[in-house]
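As given, the protein sequences belong to chains A and B, one line each in that order.
Our numbering puts the first sequence at residues 1262 to 1564.
Our numbering puts the second sequence at residues 1499 to 1811.
Certain hints may be false.
[Unchecked claim] Okay, derived cross-link-like pairs now, BS3-like style, lysine-lysine, Cα gap no bigger than 30 Å in a straight line:
#1 B:Lys-1569 <-> A:Lys-1305
#2 B:Lys-1564 <-> A:Lys-1305
#3 A:Lys-1533 <-> A:Lys-1279
#4 B:Lys-1539 <-> A:Lys-1367
#5 B:Lys-1539 <-> A:Lys-1368
#6 A:Lys-1305 <-> A:Lys-1486
#7 A:Lys-1453 <-> A:Lys-1279
#8 B:Lys-1539 <-> B:Lys-1800
#9 A:Lys-1263 <-> A:Lys-1556
[Claimed, not checked] Label-pair ranges, simulated between beta-carbon atoms:
#10 B:Trp-1531 <-> A:Arg-1487: 33 to 43 Å
#11 A:Leu-1463 <-> B:Glu-1687: 39 to 49 Å
#12 A:Asp-1490 <-> B:Gly-1786: 36 to 46 Å
#13 A:Lys-1533 <-> B:Trp-1531: 53 to 63 Å
#14 A:Ala-1310 <-> B:His-1780: 35 to 45 Å
#15 A:Ala-1310 <-> B:Asp-1652: 21 to 31 Å
#16 B:Asn-1725 <-> A:Ala-1553: 27 to 37 Å
#17 B:Thr-1541 <-> A:Gln-1397: 11 to 21 Å
[What the hints assert, rightly or not] Covered stretches of chain B (in silico footprint by chain A; criterion: 3 or more residues with CB under 8 Å from a CB of chain A, positions within the stretch not fixed):
#18 1673-1679
#19 1727-1737
FYI, nobody ran anything at the bench for these hints, they're computed from the structure.
Even glycine gets a Cβ: it sits at the ideal position worked out from N, Cα and C.
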Amino acid sequence: MKRDPGLYDYLPYHRRPKIEWPGGARVAFWVAPNVEFYELEPPKNPSRAAWARPVPDVLNYSARDYGNRAGFWRMMEAMDRCGVRGSVSLNVAVCEHHPEIIAECKKRGWELYSHGTYNTRYLFNMSEEQERALIQDSIDTIRRASGQKLDGWLAPALTYTERTLDLVAEMGLTYICDLFHDDQPAPVKVRKGRLASIPYSLEMNDVIAYNINLVSPRHYAAIIKRQFDRLYAEGEESGTVMCIPLHPYLVGHPYRIQAFEEALAYITGNDKVWLATGREIARHFLDNYYDAFAKAAHPVRDF
Amino acid sequence: MRSRRQRIPFVISDDYLEYPRRRYGMDHERYAWSILPRREKVTWPGGARIALWVIPALEWFPLDMKGQPFKPPGALQTAYPDLRHYTLRDYGNRVGIFRVMKALERHGIRASAAVNAAVAARYPALLSELVSRNWEIIAHGLDMDHLHYEGMADEQALISKTLALLPKVRGWLSPAKSESHRTLDLLAEAGIEYVCDWVNDDMPFRMQILYSMPHSSDIDDYAILVNNHHDEDEYRDQLVDQFEFLYREAETQGGRIMAISLHPWVIGQPYRIGALEAALAHIMARRGVWPATGAEILDAWKAQRAAQGAASA
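Pulled out of the complex, with its shape left as it was, chain A reads as follows (with noise of 0.2 Å):
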């Protein structure tokens, strides 16, 4: 085991090339949902259960198939109604058992990025060559689904081995929101390829928010206002990134999705900010700041 995961450098929050979003925006703007399916009885994964309660779990695993059966709707209507475009962090198998989901974001032009096979599939003690037969079954998945290149990862129930993100960028994928470390895009030290980490937060999670802080869903609300206001006004001296991470098994429940949306209409109304897609802001940050980024960065040394 490593005591420093060794993927990227130091560079100190002020001191960095400066971002200039397109069109002059001060905060690249985007809304994660994680679409996803547990398996009501799935393997076991020597390093992590699946279920909370032994199997069959009907809480749990009833209050996440809300999600597909109710809450995605009522999310997806709120994110029409603000005009923002989703970035799917997708369990690929729902391709198959949800293949009315996935024509809604097509439909709608939303990226579609991986978020593994099933959110009840751990990488924890997976050999690279199973490692890698998952990344490229998100790959022929969602390629065959959507058409769609897959640029973008989030490891299944954020579950890793040490050359996860090595691999996902050698199979040429361009961005991760695995690491939580900025609110700035940053280059990722990999084996091969140029990998970029777009920020995601834990902090605006619904599934943070709700399941660990239990907030209320006007104070998700309120939080969600809050974060924004502070990388809007940063963002003035260099661009900053806002990423809203969503589970519609969370946040569309009726009591919780309409201060979701004011929230998301409160951002929307102002003018400076770029609403984006996970690919997009990766590939404005690849095109144009990574090598200065990479560059300025101090390495770090282990003592």
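Take the given structure of chain A and dock chain B to it, following the hints.
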């Protein structure tokens, strides 16, 4: 910086990457995949937009509880004898439920009480109060220390014993929404018509056997006030927000159900009951709200599904 020392790895067998149930629809046979906003509209009696379904749970947590195979929400916590949690839960049966009754009666709302069979057996006076108000009784298992799970001893006998202690019921809510793979089959064999354990929908739906009713684990006093530590005003706001959204949605998508799950030991406290009363006053001030029991809502829904010729939800 690659490590020199490798820990001994666990091995993942290659069948971890095989997906025999990767196919259209669900990964099991219990119910069919169905998209809520794409179903035929339902109209409630009197043209109501919202069926208001209130479900107080009457629970008994035995003093010697084992918590197998897991502790249910509200379980006793200290070393034996845990008098503090035992008695606070029992407060709901002695005091809290009567505050809830009063709050509901003000608006002519009849509830569906989810009753542990142990409560019916131990407190027949409480059972009479429910029956005399013409409330629906839903079976809520034997008690809060008899969960349903794979490998449990004689589930059929547990269900029989539970139902024998209760008046005739149509609905079932497992303690902690726990089920084994056989629970639905055994309940159907025992004459149960609907279950309240699945929280994947806002409307009733046909399962392979039985019907599912949308009993909420979100609009739930224990979840909001005890688990999430929100205050009483926030609890009221969340009920109102749930109602207002469903009320608007019903305008375009047909009748919806507002399900309010209650635990009288939580909401029946003097300082909390007012929050429920305020939410109910807000809801009942609207036109087009039909307060009903679970069985009544299911009957109205089934009659329309039959008229629409739908095989499943």
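Verification of the hints:
| no. | hint | result |
| --- | --- | --- |
| 1 | B:Lys-1569 <-> A:Lys-1305 | 23 Å, holds |
| 2 | B:Lys-1564 <-> A:Lys-1305 | 27 Å, holds |
| 3 | A:Lys-1533 <-> A:Lys-1279 | 16 Å, holds |
| 4 | B:Lys-1539 <-> A:Lys-1367 | 26 Å, holds |
| 5 | B:Lys-1539 <-> A:Lys-1368 | 25 Å, holds |
| 6 | A:Lys-1305 <-> A:Lys-1486 | 40 Å, violated |
| 7 | A:Lys-1453 <-> A:Lys-1279 | 26 Å, holds |
| 8 | B:Lys-1539 <-> B:Lys-1800 | 12 Å, holds |
| 9 | A:Lys-1263 <-> A:Lys-1556 | 24 Å, holds |
| 10 | B:Trp-1531 <-> A:Arg-1487: 33 to 43 Å | 38 Å, holds |
| 11 | A:Leu-1463 <-> B:Glu-1687: 39 to 49 Å | 46 Å, holds |
| 12 | A:Asp-1490 <-> B:Gly-1786: 36 to 46 Å | 39 Å, holds |
| 13 | A:Lys-1533 <-> B:Trp-1531: 53 to 63 Å | 42 Å, violated |
| 14 | A:Ala-1310 <-> B:His-1780: 35 to 45 Å | 42 Å, holds |
| 15 | A:Ala-1310 <-> B:Asp-1652: 21 to 31 Å | 27 Å, holds |
| 16 | B:Asn-1725 <-> A:Ala-1553: 27 to 37 Å | 48 Å, violated |
| 17 | B:Thr-1541 <-> A:Gln-1397: 11 to 21 Å | 50 Å, violated |
| 18 | 1673-1679 | holds (count 6) |
| 19 | 1727-1737 | holds (count 6) |
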